[in-house]
Amino acid sequence: MKNNIKVYRAMHNLTQEALAHEMGVARQTILAIEKGKYDPSLDLAFKIARRFGVNIDEVFDYGEN
Amino acid sequence: MKQNTFYFLMGIIGLAEVALFWVSVVLRNPFIIVIAFILGILLIYGARVRISDRKDDERSALITQKAGARTLEVFWILFFAISLGSLVMGFATPLGIPPPPKPFPRVPHDEPNLGYFGLLQMTLLCCMAFLYIAFRVYYAKKYGEWDDDEE
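Chains A and B are the protein sequences, given in the same order. Last residue of the first sequence: number 65 in the numbering used here, and the count goes up by one each step with no gaps. Last residue of the second sequence: number 1151 in the numbering used here, and the count goes up by one each step with no gaps.
Among the clues, some could well be false.
Claimed, not checked - Computed list of lysine to any residue pairs in SDA-like fashion (alpha-carbon distance at most 20 Å, straight line): (1) Lys35/A with Val1137/B; (2) Lys1142/B with Ala49/A; (3) Lys1055/B with Glu34/A.
As the list claims (entries may be wrong) - Not close to chain B: a few residues of chain A, all C-beta gaps over 12 Å, as computed: (4) Met11; (5) Arg27; (6) Lys37.
Since the hints were derived computationally from the structure, they do not count as laboratory data. C-beta: ideal position from N, C-alpha, C; glycine also.
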């Protein structure tokens, strides 16, 4: 699953550490999500989208298949 | 508590367990090591939740879950197979197969000889622990545990 977390982080001037702290997860988790190595739970995905003030499908792209 | 303090504490508990195992063997009292081991593990679990510089989240839970499930998937077969083999050894004696030799000559004749069985179980448990660590490393790598990125 692709995502635009890195872009939104840059737009909101947030570090991985800061976002991770706000979401209550480890920095490695944010990094793994950004790199597409880990798909977050729905709960975390909604929390991230809500933090950036956008809909979940603007941050995460499930793709065609 | 810092993570390094936790590892230090684990080392001390490990050393204490080895010493108590020896005391247990010398005194021929299995309860010493059984109770000490359970208390040691409880102490480690209690200390683990007090680590302040480590974050357990859904990704680390997934890694633990997957590694545990895979280890169990492999080891229940091995445990079952070896237990079946042990049952055969136990039931075979009346049919004429001689019992296995006694491993420790110091064991008095009137006591049941469980040394080999304990050793076998311990070997299996060690193999299981190593396999679990291998699966953990595999899944941690898969889910980006050691990746680094420029900010």
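Legend entry - Hints violated by the structure (listed by number, smallest first): 2, 5 and 6
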